[in-house]
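Using the hints provided, position chain B relative to the given structure of chain A.
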Amino acid sequence: MQGLFSQVAVMGSSGVLLCGLILLWRRGVAAYITAFTWQSVVLAALTAAVGYFGDDPQLYAVAVLLLAIKAVAIPRLLRRVAQRFTAGREPAPYVNTGTSLVVSGLLVLLAHAAARPLEAIADVPTRAGMPMAMGLLFISLFIIVSRKMAITQVIGFLMLENAIALLAVLATYGVPLIVELGVFLDALMGFLVMQIFLYDIHDTFSSADVDVLKRLRH
Amino acid sequence: MEATLPLVGLLAPWAVSAALAWTLRGPGRLAGRLTAAAGAISLCAAAWLWLNALGGFAFTAGPGALFRVDGLSALIAGCIAAVAGLAMLPWPGMEKGPADPGRSRVFRIFGSLFTLSMLVAVTINNVALMWVAIEATTIASAILIPLHRSKASVEASWKYILIGSVGIALAFAGTVLAYFDFVSRLGRREDALNWTLLMEVAPTLHPDVLRLAFVFLLVGYGTKAGLAPMHTWLPDAHSEAPAPLSAMMSGVLLAVAQYAIIRWKAVVDAAGGPAFTNQVLMALGLLSIAIGALSLVRQQNYKRLLAYSSVEHSGLICLGLTFGPAGVFASLLHLLNHSLAKSMSFLLAGRILARYHSSDVDRVSGLVRTMPATGPLFAAGVLALMGLPPFGLFVSEFLLFRAGFASGHVMAAAAALLLVGVGFVGLAGHLARMLHGPAPDGVEAGERGWWMLAPLAMSVIVMVALGLLLPDVVARLIGRIAEAITT
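Quick mapping for you: the protein sequence lines, in order, are chains A and B. Heads up: the first sequence begins at 1 in the numbering used here, then just goes up one per residue. Heads up: the second sequence begins at 219 in the numbering used here, then just goes up one per residue.
Isolated chain B, as found in the complex:
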């Protein structure tokens, strides 16, 4: 179905926002409002696509159906638009001091481009152009990491761009191999790299070559998704980046990389059955959960804690994909829940950092008293990430483990469950130390910028709603996606 307008509505605002941030140099207020407006338009378009994808339709736009949105695209595009809209608000933790228009201008330019390339990656129909868009996310976000120039952030951005670029280059090698398989079977065609066509002809392709391609693709996109052992850049980049960027990188950039893996898995499975892809995904997933969970116990820096928790959850999402249709359902629900909880927690961590001037768990105490609203909200975010009810992550983790046991992967599910328990204990201990106890000297009590907390309180409400009700619009969409990619 042609749907040019919603797609333009989804993508164009971010291009316009980047261009305006580039040209408008004056005081940041106007540019900030324009960016917020762009986020709102984009979110409306994403909501429209989401609601209309419920019927199982796919929407195309552009010459030769260049863009195509189906349920999976709509799900991730919704996460991106929501999280980016939230992160691009003028966060007080972003600027050091109120008057720093230069830095927030750079953030608005590259933050908008970053969001745009993520949205293009999940809506474009061509696998190679999707690769181009995902590579562009690396470049746009790497520029923003050393925004507060410090030794640690320069080092983090170097590690990020080097490991990220090398990883993503391998994903391109995988794409070339898949294209080669296509060409040697069906000849050269301009649209050979479209998802729709690839899925159609996948049963006639060579499973051997596609498996080799999948290894490259998984290592490549897995690097971006923070899967162990390619995750080494992630804790550094996510903890040294400015808070709103961390929120976007941890909340939705990982989801974009998972999107690429899910799509390619479907193609390779259609060619040679899911046994091979399940094996490698399960191995990487379990390793990621193990490394993430064990690091949660050792870490002493709360931004790094959140980053390692992303490694753990990324592993869980991967593991869920191997547990049959019910597991895919749980995985996608987990992806949605994690986007919300993680982005909110990182934004709050930015506020805490701005107040305490330290990201050390030991230096932060008495959070409930010094920041009476930020503290409890942060606690809610971390409790959600620990997988406690009534938050959505509890439901998705429960469904995921149930799918694991039901599909006969008892050992894998039990091991993951044990590791998640270890991570739970680690996070709980750190959180308790931060919330209670006497506040350190020189940290003033009270809350500034109350209105900024309203959207975050909203995310908590959504997270609880996802946990208690599992709204029909969410369950139906994810159900359709799971059905589409596992058959």
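Next comes chain A alone, as it looks inside the complex:
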């Protein structure tokens, strides 16, 4: 049972990480949104699995919330934004695809190093997945800083949130429910405000490319 649990945890967290990597080699906002949706679905499934194996029914509620907010509601809103004002393909990022993949490989290695003290003290069967959560965290940060389109940065930020949710569920079987609810509320409100700003940027600059946001750079 423990062995199976540990395998499920590793598979699930690898799946979540792989969905994040798709952003590095695909071009096109629609593909990013699909990748994010699948990532959220895998994360929700993993959360439910941890709830089942770890015998913590609260996690079922968290999984349902994850599915509803991050796999259904937010992707739908993102698609609406994307249809409104993108030609589909985004301008070339600051870093090309090949270099991005190499950088992300290094980041995953760094994550393994950073997670070593965590794995050393953990006694949960899910501990082997923790470096992958860390890896996704670093890769999301990299995506946010290396991309030019505002909507891609938002997707990167949403993946960063997923990475932290993954870390929480692997390391501690989730934070206390009241905290979880607060985090969901903030995530949803934050996303809605970001979405308003996406429209604002487009209306005032007639472009969703953050390269035009240069007035204040000094």
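Wrong hints could be hidden among the right ones.
[Claimed, not checked] Stretch by stretch, here's where chain A covers chain B in the computed footprint (C-beta under 8 Å, at least three residues):
id	region
1	350 to 360
2	373 to 379
3	394 to 401
4	405 to 417
5	420 to 431
[To be verified] Calculated lysine to aspartate or glutamate pairs in the EDC-like style (CA-CA distance at most 20 Å, straight line):
id	chain 1	residue 1	chain 2	residue 2
6	B	Lys369	A	Asp56
7	A	Lys148	A	Asp200
8	B	Lys369	A	Asp200
9	A	Lys148	A	Asp203
Since the hints were derived computationally from the structure, they do not count as laboratory data. Ideal Cβ positions, reconstructed from N, Cα and C, are used throughout, including at glycine.
Frame of chain A; chain B shown alone:
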């Protein structure tokens, strides 16, 4: 000690004020008065908590001691209530033209929510819920930045919400790591994330994991505190926001983020000694002072000048935390002084902007003649920020550098002192150009809305009092906090 009433008095007025601003649509006057009343009640409650925390007590309220106020909470809550009360007055610089009830309504709703979430952040006992409250401040304030819709303000709010949210997300990762450490040692507990319990069990936690957590927490909350190199959003957001919001963001939001850093530092220090946290705080502090001070020389926009001065002072507060108990004392005093001086300066900058229609230093001249009261008050605010006597910031900077030299950090203290000197020269040059010389054509002379200046003149008096007397109620409270978090 149970103290439900003062805590309700502190928090509830802002919730009520937001709800009333939401429902009352008519002419803004009534809503404005209600907001002012809310600010007054909240300030009284904060004063009560402050005075009673002098005895070293902590007050709790809510189920399972959800809220807890000790000296540090009372200090920052006092700053928040005072600055928010001041900023939520109907400032003439806020509205473009007298009749714009829609915009001031939005400001009252989200300004009240912003204040409420800051107050919750410093009074709640649970570290993760504190994180939720601080994240809520980002959302509430980001909505208000593009209130005067312009390209620059849309860009500033985008940068703010993106960098702020990413930073604060990292702070949550740090919180999760600390919780993980707790759980792997002591098992799952609902109250595991309470400050009181964390401090109690900190000596038994793993220093390695907590250090990793602290790096995440410092990057996260440091982003909100305007520490370099995560400060890039700050000059834009603080200069493009409407003046009262800038006053709150620069004056107290930075203090709230510093509060989170101070609390976490205490936990990590209790687990593995202060050497590690001091090193990283000192590095970030010095870098912030350097970037802030050097930008003060180059900047040509007076709102951005004030914003970069916040980066500098945020760095000083961080640096002071590493200088032992005397340094912590100086840091907290500096935090209090900076809240007052910076919020007042931003409110006055709003008045200047409303008159001159430009935030360019070169376009503002003859301030003493065109605005005979605003000009001198603004000068007082900027001189205070430069760290001149007789203002409070002089005393706190002096204490801070003395603590640095006395605790053996001679190089760090000397470097900071030099950089502060550079910033001083930069600010002084800009201020002199703004105050004197001929006024540009088309700017009328004379002062409107005199009564609005009374509370600002009061802040100048308080700043001087803090500088000359260092009242006992302040010194004793800060002394107690410094004692509590460094032992």
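Going through the hints against the structure:
1. Under the rule that three or more residues need a Cβ within less than 8 Å of chain A, the assignment of the region 350 to 360 of chain B holds, with 6 such residues.
2. For the region 373 to 379 of chain B, the assignment as covered by chain A holds, since 6 residues bring a beta-carbon within under 8 Å of that chain's beta-carbons and 3 suffice.
3. Here the region 394 to 401 of chain B counts 6 residues with a CB under 8 Å from a CB of chain A, which clears the bar of 3, and the coverage holds.
4. Check on the region 405 to 417 of chain B: 4 of its residues sit with their Cβ under 8 Å from a Cβ of chain A, so the three-residue criterion for coverage holds.
5. Beta-carbon proximity to chain A at under 8 Å applies to 4 residues in the region 420 to 431 of chain B; the threshold of 3 is reached and the given coverage holds.
6. With a CA separation close to 49 Å, the supplied pair Lys369 (chain B) and Asp56 (chain A) exceeds the 20 Å bound.
7. A hinted pair counts as satisfied when its Cα atoms are at most 20 Å apart, and Lys148 (chain A) with Asp200 (chain A) qualifies at roughly 17 Å.
8. Restraint check for Lys369 (chain B) and Asp200 (chain A): satisfied, since their Cα atoms lie roughly 9 Å apart, inside the 20 Å limit.
9. Taking the CA atoms of Lys148 (chain A) and Asp203 (chain A), the gap is near 17 Å; set against the 20 Å cutoff, the hint holds.
Consistency note: the structure conflicts with earlier hint 6 alone.
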